[in-house]
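Q: These are the residues of each chain, in order.
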Amino acid sequence: MRAPGMTLMRMPLTCWGWFVTAILGLLAFGVLLAGGILLLLDRSAGTSFFLPAGLVINDQVQNHSGGSPLLWQHLFWFFGHPEVYIAILPGMGVASHVLSTFARKPVYGYRAMAMAICGIGFLGFMVWGHHMFVSGMSPYSGFAFSVLTMSIGVPSAIKTFNWLGTLWGGKIQLKSPMLFALGFVSLFVSGGLSGLFLAQPAVDNLLHATYYVVAHFHLVMGVAAIFGIFAATYFWFPKMFGRMMSEPLGKIHFWLTFVGTYCIFMPMHFVGIAGGIRRYADASAIEYLQKLQPLHVFMTIAAFITAAAQLIFIFNFFWSLKFGPKAPKNPWDATTLEWTTDSPPPLDNFGGEFPSVYRGPYEFSVPGAKEDFIPQHLAPAQVARAK
Amino acid sequence: MSSHAQSAHAAPTGFVSKYIFSTDHKVIGIQYFLLALTAVVVGIVLSVLMRFHLVWPNAHLPFVSGGLMTQEQYLALVTMHGTIMVFFVLTTAPQGGFGNYFLPIQIGAPDMAFPRLNMLSFWVTFLAFVAIIAAFVVPGGAPISGWTGYTPLSGIGEVTGPGEGWGPDVVDCQHLAVLPCVTAGRSQFYCHAD
Amino acid sequence: MAGTTVTEIPELIGTGRNGGGASSGDGGGEGSGPSASGGVPQRTYVTGMIVGLGGILMFFMALVSAYIVRKGMPNSTWIPLEVPHILWLNTVILVASSFTLARSRSLFRADNEDGFRYWWGWTTVLGVFFLVGQVIAWRQLVAEGIYLQSNPSSSFFYVFTAAHGLHLVGGVLALLSVAFRPTHRLTRGTATEVVSIYWHFMDGLWVFLFLLLLLGR
Chain A
42 MRAPGMTLMR MPLTCWGWFV TAILGLLAFG VLLAGGILLL LDRSAGTSFF LPAGLVINDQ
102 VQNHSGGSPL LWQHLFWFFG HPEVYIAILP GMGVASHVLS TFARKPVYGY RAMAMAICGI
162 GFLGFMVWGH HMFVSGMSPY SGFAFSVLTM SIGVPSAIKT FNWLGTLWGG KIQLKSPMLF
222 ALGFVSLFVS GGLSGLFLAQ PAVDNLLHAT YYVVAHFHLV MGVAAIFGIF AATYFWFPKM
282 FGRMMSEPLG KIHFWLTFVG TYCIFMPMHF VGIAGGIRRY ADASAIEYLQ KLQPLHVFMT
342 IAAFITAAAQ LIFIFNFFWS LKFGPKAPKN PWDATTLEWT TDSPPPLDNF GGEFPSVYRG
402 PYEFSVPGAK EDFIPQHLAP AQVARAK
Chain B
30 MSSHAQSAHA APTGFVSKYI FSTDHKVIGI QYFLLALTAV VVGIVLSVLM RFHLVWPNAH
90 LPFVSGGLMT QEQYLALVTM HGTIMVFFVL TTAPQGGFGN YFLPIQIGAP DMAFPRLNML
150 SFWVTFLAFV AIIAAFVVPG GAPISGWTGY TPLSGIGEVT GPGEGWGPDV VDCQHLAVLP
210 CVTAGRSQFY CHAD
Chain C
3 MAGTTVTEIP ELIGTGRNGG GASSGDGGGE GSGPSASGGV PQRTYVTGMI VGLGGILMFF
63 MALVSAYIVR KGMPNSTWIP LEVPHILWLN TVILVASSFT LARSRSLFRA DNEDGFRYWW
123 GWTTVLGVFF LVGQVIAWRQ LVAEGIYLQS NPSSSFFYVF TAAHGLHLVG GVLALLSVAF
183 RPTHRLTRGT ATEVVSIYWH FMDGLWVFLF LLLLLGR
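Those protein sequences? They're chains A, B and C, same order as listed.
According to the numbering used here, the first sequence holds residues 42 to 428 in order.
According to the numbering used here, the second sequence holds residues 30 to 223 in order.
According to the numbering used here, the third sequence holds residues 3 to 219 in order.
Calculated from the structure, these hints are not laboratory results.
Every residue, glycine too, gets a C-beta built ideally from N, C-alpha and C.
Among the hints, erroneous ones may be present.
Stated by the list, open to error - Derived BS3-like pairs: lysine-lysine, alpha-carbon spacing no greater than 25 Å straight-line:
(1) A:K212 <-> A:K332
(2) A:K212 <-> A:K370
(3) A:K363 <-> B:K47
(4) A:K216 <-> A:K370
(5) B:K47 <-> A:K367
(6) A:K411 <-> A:K370
(7) A:K370 <-> B:K47
(8) A:K332 <-> A:K216
(9) A:K212 <-> A:K363
Claimed, not checked - Just a sample of chain A residues kept apart from chain C, beta carbon distances all over 10 Å, derived:
(10) A86
(11) T88
(12) V244
(13) W296
(14) Y321
(15) H337
(16) F356
(17) W360
Using the sequences provided together with the hints, build the complete structure.
A: In structure tokens form, the structure reads like this:
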């Protein structure tokens, strides 16, 4: 269903991100469904898929028998790990797209970027055991999951270096979408690095179920992925709604959120290493954790401020819907097909005249061209040459 | 050929078919985005309550029965924060929201491969969100086993105490309802790019 | 426009394709259907079905791996389940329905409308017989006092047969819908192709589950 000339290797990286994410969702959700059905039967039909024998709850003997709680963990995490890649891959695609547009440079290593998205998606199915290092698995299994988990660092590092390569030497425009894309790269690196520590079974023995884990996944999922969503919103709002969002409000929103989330989640690593257990409602009875309480206070204040800062975004979003300045077709001078149509696009997306594609998606600053970008849909003869 | 095009893309009239039950991927994308925006606000409120409790566990909270947050209520906050954020923000906004809106346009297509399936998958997700919120108010309250739902705690039922009544069943049922439809809806991304 | 000398503008990211435009074979228009500016190519529905079956397959494979794990647990209270004998008949019926379906489709391709409808009808009837037979098998087990929660082996038996049976109900509805409702977006050829892929898959899946229940005892 792609336009004529739109080969796979001419698709924007956003499309690669959505494409691989869709495959992940397809293959992972079914497993959660199976686990969920078995759990529901255990709860209401008296089966024992996951419930072992001999459970005594609140002085009542349960007459379940012979199930395996570990089985739930396997089923859940076989879904759960691809799930987190579902959360981050579209953000990676958006980050590449936005970084390239606002650095006026092609994505560095486009092919590697596309392959890395596929690689992360594929490897994501093989590492679920790293959530279960402390479950009593054989050290050899732990070793295997550990090596596979660290190997995801390879395509991730490729992507990070290529993002930096895209920026290097570019003519950088620090508009709101770009700020959030840059923030994405920063947060992905910060969060990803703590993941490498957790990928060692020996280290994970100490850090499992502490706040270190909470800090790690919030940085990658709870902040980086959210920054991907913000970048996409600021970038595409003009196209979706025909109006521009307020740039000053966007910048304030970015800085408050960026600094705020780092303030929340960086100290959390220390709480975790010091032994702070997650999902504890009240740790006041635990002596050695009391010294960490000032960190908790700091994180909570930062959380309040960051949460309040999101009101700026919500206000900006809804206010601009009505009162933002009208947006042109291509406010960012971008190259991909969505910028050739009206803002917002008509019902069939292109007003009856469907484009053909003549080149890749990131032809910025091409030598010999008059403009610093060449849209995908312009035939070679239509491209204005520099004098 | 042209009549086929007309029947495939006859412009909908009427508010309901244009904005509520629209098969237009752009409308569906915005619907997903708005759902995610609602869900993220709920998720943030839950997390703010959590962080508040960690610093001031004995503070009097007027909207909690009994005034003090119990440990089970804290765990319910933890569970619902995770479940709502993961399922209704992180998998809806980037993929269902922006993916639905821009994948067809960026590859030069007029719509998604299966527009009605797309619409169905949004509305099932919406119903699932309603079900999740309902978990707060059913007998037994919201589940407390974490979004990871580890057994045996999550598998026993009411006898384990608060948070193990109908709440987990409701959350579980939303999985059952949502997953096939959402999977089907998302899988068309693949077909579309093919 | 610039002067008559056209300077060559390089493509910064080589996509391996010169120029573009309608000569591309990768874009829309393939699959003997309407062009991309009209409806969806017919081939897309087949891709969609195959993709959907991938998801369904993962669901069943999760159940199968749960079964294998549970059965292999040491000190388990697993009591092997005697598979009701009617399941053999049901399997034969379902396999036969795949043959009638294939026959129906080849008659469709030969433009034999009556023959197509006759064998398509038989496929539907055999599918219904299969489902009835599964229900009979359940009732036999209940009569022996074997329920869902009696033993893990019976739990899995009921879960497998119920999950497969529900999907097969969907298949029967699809068969009926092709027989009775004219399709708008899919041509009838595509509809029969898509439904038959689904049906053969469900058949193969049942044979696999049946062998698993038999041999895994």
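Q: Would you mind marking each hint as holding or not holding in the structure?
A: Structure-based check of each hint:
1. A:K212 <-> A:K332: violated, 48 Å
2. A:K212 <-> A:K370: holds, 22 Å
3. A:K363 <-> B:K47: holds, 20 Å
4. A:K216 <-> A:K370: holds, 18 Å
5. B:K47 <-> A:K367: Cα-Cα ~23 Å, so holds.
6. A:K411 <-> A:K370: holds, 20 Å
7. A:K370 <-> B:K47: Holds: K370 (chain A) and K47 (chain B) sit about 23 Å apart, inside 25 Å.
8. A:K332 <-> A:K216: violated, 42 Å
9. A:K212 <-> A:K363: violated, 32 Å
10. A86: violated, 5 Å
11. T88: T88 (chain A) is in fact no farther than 10 Å from some Cβ atom of chain C, at 4 Å.
12. V244: holds, 28 Å
13. W296: Given that every Cβ of chain C is farther than 10 Å from that of W296 (chain A), nearest at about 33 Å, it holds.
14. Y321: Answer for Y321 (chain A): holds, closest chain C Cβ roughly 31 Å.
15. H337: Given that every Cβ of chain C is farther than 10 Å from that of H337 (chain A), nearest at about 39 Å, it holds.
16. F356: holds, 39 Å
17. W360: holds, 37 Å
Checked against the numbered hints above, the structure breaks hints 1, 8, 9, 10 and 11 and satisfies the rest.
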